[in-house]
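Just so you know, the protein sequences line up as chains A and B, in that order. Sequential numbering of the first sequence, starting at 1, is according to this note's numbering. Sequential numbering of the second sequence, starting at 1001, is according to this note's numbering.
Hints may contain errors.
Derived Cβ-Cβ restraints for the label pairs, each shown as a range [what the hints assert, rightly or not]:
id, chain 1, residue 1, chain 2, residue 2, range
1, B, GLU1008, A, GLN240, 41 to 47 Å
2, B, GLU1008, A, SER77, 50 to 56 Å
3, B, PRO1211, A, GLY162, 36 to 42 Å
4, A, ASP410, B, THR1071, 18 to 24 Å
5, A, ARG44, B, GLU1008, 33 to 39 Å
6, A, ALA155, B, PRO1247, 39 to 45 Å
7, B, ALA1193, A, GLN240, 42 to 48 Å
8, A, GLU79, B, GLY1054, 34 to 40 Å
9, B, ALA1051, A, GLY219, 48 to 54 Å
10, B, GLY1054, A, ARG80, 48 to 54 Å
Treat the hints as calculated values from the structure; they're not laboratory data. This structure is a prediction, so every number in the text was calculated from the model and none was measured. Idealized CB from N, CA, C, for every residue including glycine.
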Amino acid sequence: MGRVAERGVTGPGDPAGHAPPYPVGLRLEGRRVVVVGGGHVAQRRVPTLLTAGAEVTVVAPDVTPALEGLAGGGEISWERRGFRAADLDGAWYVIAATNDAEVNVAVSEAAEERRIFCVRSDDGLAATAWTPASGRYAGMTVAVLGNREPRRSAAIRDQLLGALRDGLVDVRAEARAPGVTLVGGGPGDPELVTLAARRAVAEADVVVADRLAPRELLGELAPDVELVDVTKLPRGRAAQQEEINRVLVERARAGKRVVRLKGGDNFVFGRGFEEIEACRAAGVPVEVVPGLSSAIAVPGRAGIPLTHRGMTHEFTVISGHLPPGHPDSLVEWEALARTRGTLVLLMAVQNAAAIAAALVEHGRAADTPVAVIADGTMPVEREVVTTLEGLGAAIEAAGLRPPAIIVVGDVVGLARPDGEG
Amino acid sequence: MSSLAPLEPGCVALVGGGPGDAGLMTVAGRAAIEQADVLLVDHLAPTGALAWAGPAAEVIDVSKLPRGAFTPQERINELLVEHARRGRRVVRLKGGDSFVFGRGKEEVLACAEAGVPTRVIPGVTSAVAAPALAGIPVTHRGLVHGFSVISGHVPPDDPTCGLDYAALVGAGTSLVVLMGVANLPAIADELLAHGMPADTPAAVVARGGHPDQEVRAASLDRIAAAATGIEPPAVTVIGEVARFAVPTLAPTHPTLLEEIR
């Protein structure tokens, strides 16, 4: 917080040559704070004071309905009359927020006599304290003090909070317990990353990333963040996963916040659960930030809905990494062919022709529309529309290579004419 | 085209809002909301995300549309077109993904027919995310190589139910049931009748991704009883993976909106 606030007040000097204010955070819990005035300025200030735990007394003949409600609920005290200097006795902080300059002057003077800092809604130069534009994010307070330019301060505050929630500001100083977060990076387009994913990556000490993880996110990492590129770990499916599990556990045990970043969603053929089991076995805390699965988002961006009223009310997402009939296959292609929903095949480019043949053999129409979308949502995205019987030849003719999503069903015919606007 | 390209006046953006926590919205989804002149919002859309809308943006809760001469969906389609034709930037925000039982394509087609350009911004679907946030992977190596997502809003014996439950039981995939709270007893019975083992693990995840997420787990023959009292929205997972259910795997502070004003 300090760094941010200081930059706000030591920027361009006050044109009138006044010294900049000294930033401080007041801890008002249980302390008397007097707000003189009951209009909209007072209404805006009081909730923040209450959040800070202050004992708030409002002095004003009339107040807004919201303040009246707070008084009625016992959250604030309301002195229903004009200001008297003795109102400030015992107060730690004062806000003069009436629309009567004379009253505000009287409040200022009474505060000055008692050595109480006093904010003035009407005349910042006459005040002994200023209210910054502030907001809170993840337990941190961001406060911006301009040269009495509330709009500019508020705009800067908004930008800072926006940058924080976008993960553009390093918030790792925030003490977080070590552990592992599995983060789904979505289909590839950096704009299809979730806000929670960006935040998790921004808070990480170590990022363990796959080939399909959104690269733009990695480009924003602070220089001292360790990036473990999984593609450079030892080859072989089993060995590589064991090595990933080992790295996750080892770094977390060393007190690091570790993010396991993948394309799509970690639980849709992402082997995420194997990593959870490894963490649990080692006693390492683990949590999950779901991502957009390519199985759904890639067809969606290509204009293909997986369900459509009156057409299909179900869909199945299946891995095609093993061909039908393979001894290790866990998919019953015969029953799958008899379901009436859309089929989405992942990791199936290699076995597409054999899968299409099995589906037709077990009852899907040979002319069922099929879309193959390679590198979905990326600038190099390519799409081929064909039929089940034409699938193998179409992939070969177009030279499509993984990663690709294959969608089988009538919904493919709905893709156009809208396209992407 | 990039999802972040500015929304043009007269354009409709369909934004998937994810399972409930605004932090699970996409960067593109948030940018669309920030630019919107009018938002048409479902009751399952993440309400926290509305804080990103401009002060002048109009918010229309379409779950409160009266039933009249047109069905609510027809009226929504009309409203999208009407507002877009008045040159406004229209965002249609709903829970989950607009193309997974979201009727999003109907809205896209209605706009296309009226010459209104649309943009689709996918969202995190509850079908995958709600189980994940309860520790349930819809796929797991060596256990299951796929998952089927069905709508349970129509009971299996209803003539309009187009599902082949026998084929679904035989497919060997994890079964994810959306909108199936009311019909869960009938759906479980149907699966048992088609030979799914009674001891198949099942779990119901209610309000997945919300702070008050609730998980009930039981075998298939007991899941309906175990889910008594659960209110929608809830996602049911049936299959071996459901035995991994835990109360929550959500990050300890998933919400990104903390006190942002």
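These are the hints, each one checked on the structure:
At about 46 Å, the beta-carbon gap between B:GLU1008 and A:GLN240 stays in the expected band of 41 to 47 Å. A hinted range of 50 to 56 Å for the beta carbons of B:GLU1008 and A:SER77 is consistent with their spacing of about 53 Å. Taken as a hint, the range 36 to 42 Å is violated for the pair B:PRO1211 and A:GLY162, whose Cβ atoms sit roughly 23 Å apart. Checking the proposed 18 to 24 Å range against A:ASP410 and B:THR1071 shows it holds: the Cβ atoms sit about 23 Å from each other.
Remark: the range hint 33 to 39 Å for A:ARG44 to B:GLU1008 is upheld by a beta-carbon distance near 35 Å. Against the hinted window of 39 to 45 Å, the Cβ-Cβ separation of A:ALA155 and B:PRO1247 comes to about 42 Å, which satisfies the hint. B:ALA1193 and A:GLN240 have their C-beta atoms about 43 Å apart, which keeps the hinted 42 to 48 Å range intact. One distance hint, 34 to 40 Å for the beta-carbon pair A:GLU79 and B:GLY1054, holds here, with the actual separation near 38 Å.
About 29 Å separates the C-beta atoms of B:ALA1051 and A:GLY219, a value inconsistent with the hinted range of 48 to 54 Å. Look at B:GLY1054 against A:ARG80: about 37 Å separates their beta carbons, and that is not inside 48 to 54 Å.
Hint violations for this structure: numbers 3, 9, 10, all remaining hints satisfied.
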